[in-house]
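A.B. asks: Please work from the sequences and hints to get the whole structure.
Listed below, chain by chain, are the residues.
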Amino acid sequence: MSSLRKYQKDVYQCFRCGYCRDVVAPRTLGSIFSPLGINGICPVYDVKRFDHYSARGRLQIARGILEEHLEYTPSLTETIYTCLCCGACREICLADPNNPGRRGINTPAVLLAMREDIVKAGLAPRTIVESASNIKENLNPYGESKDDRIKWARELDIVKKADTAFFVGCASAYKRKEIGRSTAKILAKAGVKFSVLEEEWCCGLPLIDMGFRDLAQEFINHNIEALSRFNRVVFSCPECYRTFKNYYKQLPFQVAHITEFVSDLIEGGDIKLSKGVDKKVTYHDPCHLGRGMGIYDAPRKILAKIPELQLVEMLPTRQYAWCCGAGGGVKAMFPDLSINIASRKLRLAQETCATAVVSACPHCKTNLLDAVEETRIDFNIYDITELVAKSMGA
Amino acid sequence: MSRPHPLYTELAGIVGSEHVTDEDFACWATVGDISLEMPPESALVQPPTIVVRPQNVEQVSRILKLAQRTRTPVTVAGAKSGAGGANTPTQGGILLDMLDMDKVMEIDEDSMAVLAQAGCTWSKLRTALEKKGYRTGILGPHGCLSATLGGGVAYGIFGIDSAKYGMIGEQVASLEVVLPNGDTIRTGSRCNRNTKWLFRYINGPDATGIFIGSQGVFGIITEVALKIYPIPQYVEFCSYWFDSYEAGFVAMYKIQQTGYISDGIIALGRNTVQIMAHEAPEKALSVIAFTIESNDERIAKAQKDVCEGIALKENGKDLGPEVAKRAAYDKIGKMYRIEMSWGASTAWLGAIPTNEMIMHLEERIKEDIKPYEGMLIKSPRRPDLPAYTYSGIPMGQTIINDSIILVFDGANPLLRRKFYDADKEWFERSCNRGRGLYWIGMRCTSAIVNSYSPQYREFLRNVKRAVDPNMILNPGVLEL
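In order, the protein sequences belong to chains A and B. Sequence positions in the first sequence follow this note's numbering and run 13 to 406. Sequence positions in the second sequence follow this note's numbering and run 329 to 808.
Source of the hints: derived by calculation from the structure; they are not laboratory data. Fair warning: there could be bad hints in the mix.
[Unchecked claim] Okay, derived cross-link-like pairs now, DSBU-like style, lysine-lysine, Cα gap no bigger than 35 Å in a straight line:
#, chain 1, residue 1, chain 2, residue 2
1, B, 645, B, 629
2, A, 317, B, 459
3, B, 460, A, 21
4, A, 60, B, 431
5, B, 752, B, 694
6, A, 60, B, 694
7, B, 459, A, 291
8, A, 205, A, 132
9, B, 694, A, 21
10, B, 645, A, 18
11, A, 187, A, 148
12, B, 524, A, 291
13, A, 21, B, 645
14, A, 257, B, 706
15, B, 653, B, 431
16, A, 313, B, 645
17, A, 197, A, 402
18, B, 555, B, 611
19, A, 291, A, 261
20, A, 173, A, 402
21, B, 645, A, 60
22, B, 752, A, 18
23, A, 18, A, 205
24, A, 292, B, 459
25, A, 187, A, 163
26, B, 706, A, 261
27, B, 460, A, 292
28, B, 698, A, 21
29, A, 60, A, 148
30, B, 459, A, 313
31, A, 21, B, 524
32, A, 60, B, 524
C.D. replies: Below, the structure written as structure tokens:
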């Protein structure tokens with residue numbers, strides 16, 4: 013059975029109301045239906061403006077594939093890889109095949125299923141196939157040497173034997189080393205003995221996003237084996253965290269995102285945020301942390317505890333927050349689209365009159381920084397771990 | 329798509345290549361609205377062969393001139409969230425996707441009207457108006473914030489708060505329309521080239537009216553001016569249950585006639601009552617819920633007292649404000665969508681005088697539902713009941729929209745076919761009963777047209793021939 017066929021019920025659940033295309037957020041979030049500058053909850057549709065880039069249109073295409081009105085041509089295949097898989101459409105969708113009154117159709121899952129079918133049929137775009145090969149060879153999506161994975165940690169005091177592992181993830185290991193270092197400093201200052209694994213591989217999510225489900229499973233199996241000696245694993249990357257929670261079956265250890273971890277430590281008095289950070293910031297909810305794992309409050313509680321820091325919410329926010337544009341493999345395959353979306357996101361941030369965006373994801377930070385460079389908008393982008401480490405004096 | 333569409337280059341020259349696509353999947357993605365009027369069930373419609381997104385009225389005009397010259401059919405679409413099957417072409421051709429023409433042009437406080445482009449969604453319009461303390465009369469169709477003004481006018485919708493403000497046509501002050509030959513006209517006060525203020529019944533014949541409910545067959549609406557009002561400061565939410573259909577209906581009828589309510593709904597039968605008012609007891613066979621709005625608290629309360637007196641006189645029992653609040657849910661018609669969200673649905677709707685709807689109601693419900701009982705999914709809230717709802721929503725002071733929504737497993741092609749055929753039969757039956765239909769796309773074109781007198785039909789044909797002799801705009805709709 014094709015992977016898409018398993019989602020047949022979801023596909024036919026859509027009754028084409030168009031909320032996923034033209035509505036930003038329900039009234040419950042405040043008095044604004046439609047913040048300036050964006051038209052709906054789907055960033056890709058906001059840029060591209062044709063129906064086939066919206067969840068509604070994508071589900072119609074899926075229906076067309078199921079009913080054999082359409083086939084996977086190169087153009088169609090490429091379009092399927094433009095979805096950020098951010099899940100915003102699911103939040104605004106009022107249809108739900110399994111649970112009336114709860115979250116809507118899982119359109120990202122439908123898209124991922126189509127990508128699996130595309131890969132199995134040997135129809136994946138060349139860049140996708142090359143990316144997957146690259147990950148298989150280098151164990152990361154950046155083409156960097158696997159031997160350099162924990163190069164960022166060489167100057168830090170990290171023990172070999174501990175109950176806790178810090179799963180760094182490819183983005184923090186290679187691109188956003190400051191996040192890896194900040195996280196390590198937080199853990200160390202909090203008195204947590206932890207290890208970082210040389211044998212850590214990519215969590216597998218980039219492969220899942222591209223449709224290489226079987227190959228992703230090899231990475232999953234390896235990481236489980238490598239981490240099995242630990243009681244607890246902490247993540248600074250929400251993508252890795254969510255992948256472990258959703259795709260790794262029967263984890264032999266506890267898992268936590270650094271925001272949950274730090275929030276609990278603050279609550280228990282184990283961490284004191286004593287140094288002021290005099291900034292006016294707005295928080296960007298990473299898709300994999302917010303919509304993906306339901307973690308909205310922990311980062312906000314942390315930010316509220318940092319002296320002198322002023323937090324203002326941008327609109328839309330929380331479960332309706334706009335994706336930064338980096339998800340679903342779009343950053344790698346469609347960099348211009350990704351930056352365009354991130355630039356629009358920055359305009360939403362600007363409306364708050366904050367001078368900085370804080371997020372809790374290395375991919376979000378990277379893409380927003382790229383947008384700052386592209387647009388020359390005067391904005392700082394921080395990861396929450398950086399502000400926490402600063403406030404801890406770590 | 330094996331080759332570029334023959335008009336691709338010219339259309340790209342008009343709107344820019346980023347606003348036109350002839351990819352087959354892109355055309356397929358535009359197919360359908362919330363009805364079942366789409367392939368393979370429907371042989372009446374087919375995907376467009378090219379999709380164009382005009383950015384302004386000049387581009388719409390140039391596209392129509394091109395279409396006339398090349399005899400290419402043109403279908404107009406807004407949000408594609410209607411229930412009439414009007415946005416999917418009958419003959420392929422060009423799909424004009426109006427969603428980029430979405431600006432709120434002006435809030436005219438002298439005229440007390442707002443002017444917006446036809447592709448503006450209700451959510452965008454309402455946001456702009458609320459910032460200034462205003463609202464339109466009807467607030468959009470039930471359940472679809474994504475719907476557009478142009479689509480609403482072309483359909484001639486009723487909507488949220490129609491009980492007080494009537495159908496959308498009663499709220500239109502002026503239109504801008506591009507005729508099939510590419511000429512642009514403005515109706516109402518703006519037919520005077522020197523006039524910017526917005527008013528309908530002035531300067532000669534009411535040309536605005538011919539375009540309302542016309543489904544785009546006489547011209548493409550590009551701007552809509554709607555009346556606006558201050559946002560009421562006081563709202564009363566009221567709901568009552570009754571142990572019979574008749575009592576609930578008589579109460580709703582009399583309350584509707586007062587003209588005090590902004591919006592309302594009557595839920596009929598255990599299925600619908602359970603969805604809308606779970607707090608109502610087992611013996612509740614009907615529930616009415618309504619809102620009363622005013623800028624004066626005394627007036628709101630006095631009107632509520634009158635309506636409450638009517639309900640209690642029919643042995644209604646007070647359910648408190650929550651049922652009405654849920655049904656209204658900040659005026660986005662969420663309840664409707666929850667009904668539809670269990671599975672695919674087919675909705676039978678039609679307008680009828682309220683005091684006629686109650687006649688033989690129970691027999692009619694049984695007659696209409698019976699053929700489908702074995703095919704409906706089970707109600708998630710009441711697994712002993714099939715999933716359907718039966719309700720009525722006032723469309724003014726004396727008319728009610730009679731709505732049965734049947735929910736089935738849309739992934740089953742046999743059921744889709746069955747329900748599609750049933751739709752057609754029901755609309756024929758409905759028209760024969762004298763009901764008024766307003767979702768006039770391909771879904772019920774035949775039924776409504778068959779009910780026209782020959783003279784009326786010929787009149788519409790003559791108008792069509794006069795404005796669109798080559799029959800390129802929305803061909804097939806209204807069988808013109």
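A.B. asks: Compare the structure with each hint and give your call.
C.D. replies: Hint-by-hint comparison with the structure:
For the suggested pair residue 645/B and residue 629/B, the alpha carbons sit about 18 Å apart, so the restraint of at most 35 Å is met. The suggested pairing of residue 317/A with residue 459/B holds, with an alpha-carbon distance near 34 Å, which does not exceed 35 Å. For the hint linking residue 460/B to residue 21/A, the alpha-carbon distance of about 43 Å lies beyond 35 Å, and the restraint is violated. Straight-line distance between C-alpha atoms of residue 60/A and residue 431/B comes to about 18 Å, which keeps the hinted pair within the 35 Å bound.
Using a Cα cut-off of 35 Å, the hinted pair residue 752/B and residue 694/B holds, with the two alpha carbons roughly 19 Å apart. A C-alpha spacing of about 48 Å is found between residue 60/A and residue 694/B, which places the hinted pair above 35 Å, so the restraint is violated. For a cut-off of 35 Å, the pair hint linking residue 459/B to residue 291/A stands: about 29 Å separates their Cα positions. At most 35 Å may separate the alpha-carbon atoms for a hinted pair to count; residue 205/A and residue 132/A exceed this at roughly 43 Å.
The straight-line distance between the Cα atoms of residue 694/B and residue 21/A is roughly 29 Å, inside the 35 Å bound, and the hint therefore holds. Of the supplied pair hints, the one linking residue 645/B and residue 18/A is violated, its CA atoms being roughly 47 Å apart against a limit of 35 Å. Taking the CA atoms of residue 187/A and residue 148/A, the gap is about 19 Å. The hint holds against a cut of 35 Å. At roughly 48 Å between alpha-carbon atoms, residue 524/B and residue 291/A are farther apart than 35 Å, so this suggested pair is violated.
Restraint check for residue 21/A and residue 645/B: not satisfied, since their Cα atoms lie roughly 41 Å apart, outside the 35 Å limit. The suggested pairing of residue 257/A with residue 706/B holds, with an alpha-carbon distance near 33 Å, which does not exceed 35 Å. Our distance criterion of 35 Å between C-alpha atoms is met by residue 653/B and residue 431/B, whose separation comes to about 31 Å. Between the alpha carbons of residue 313/A and residue 645/B the distance comes to roughly 46 Å, so the proposed pair goes past 35 Å and is violated.
The hinted pair formed by residue 197/A and residue 402/A meets the criterion: a straight-line CA distance of about 10 Å does not exceed 35 Å. Among the hinted pairs, residue 555/B with residue 611/B is inconsistent with the structure: their alpha-carbon atoms are about 43 Å apart, more than 35 Å. Straight-line distance between C-alpha atoms of residue 291/A and residue 261/A comes to about 41 Å, which puts the hinted pair past the 35 Å bound. For the hint pairing residue 173/A with residue 402/A, the CA-to-CA distance comes to about 27 Å; that is within 35 Å, so the pair holds.
With a C-alpha separation of about 53 Å, the suggested pairing of residue 645/B with residue 60/A is violated against the 35 Å cut-off. Taking the CA atoms of residue 752/B and residue 18/A, the gap is near 32 Å; set against the 35 Å cutoff, the hint holds. A distance of roughly 44 Å separates the Cα atoms of residue 18/A and residue 205/A; the hinted pair therefore is violated under the 35 Å criterion. Distance check on the hinted pair: residue 292/A and residue 459/B sit about 26 Å apart at the alpha-carbon level, within 35 Å; holds.
A hinted pair counts as satisfied when its Cα atoms are at most 35 Å apart, and residue 187/A with residue 163/A qualifies at roughly 12 Å. The hinted pair formed by residue 706/B and residue 261/A meets the criterion: a straight-line CA distance of about 33 Å does not exceed 35 Å. Taken as a hint, the residue 460/B and residue 292/A pair is honoured in the structure, with Cα atoms around 29 Å apart against an allowance of 35 Å. For the suggested pair residue 698/B and residue 21/A, the alpha carbons sit about 26 Å apart, so the restraint of at most 35 Å is met.
Restraint check for residue 60/A and residue 148/A: satisfied, since their Cα atoms lie roughly 32 Å apart, inside the 35 Å limit. For a cut-off of 35 Å, the pair hint linking residue 459/B to residue 313/A stands: about 31 Å separates their Cα positions. A threshold of 35 Å between alpha carbons decides the hint, and for residue 21/A with residue 524/B the separation of about 51 Å lies outside it, so the pair is violated. Straight-line distance between C-alpha atoms of residue 60/A and residue 524/B comes to about 34 Å, which keeps the hinted pair within the 35 Å bound.
Hint compliance for this structure: hints 3, 6, 8, 10, 12, 13, 16, 18, 19, 21, 23 and 31 are not met, and every other hint is.
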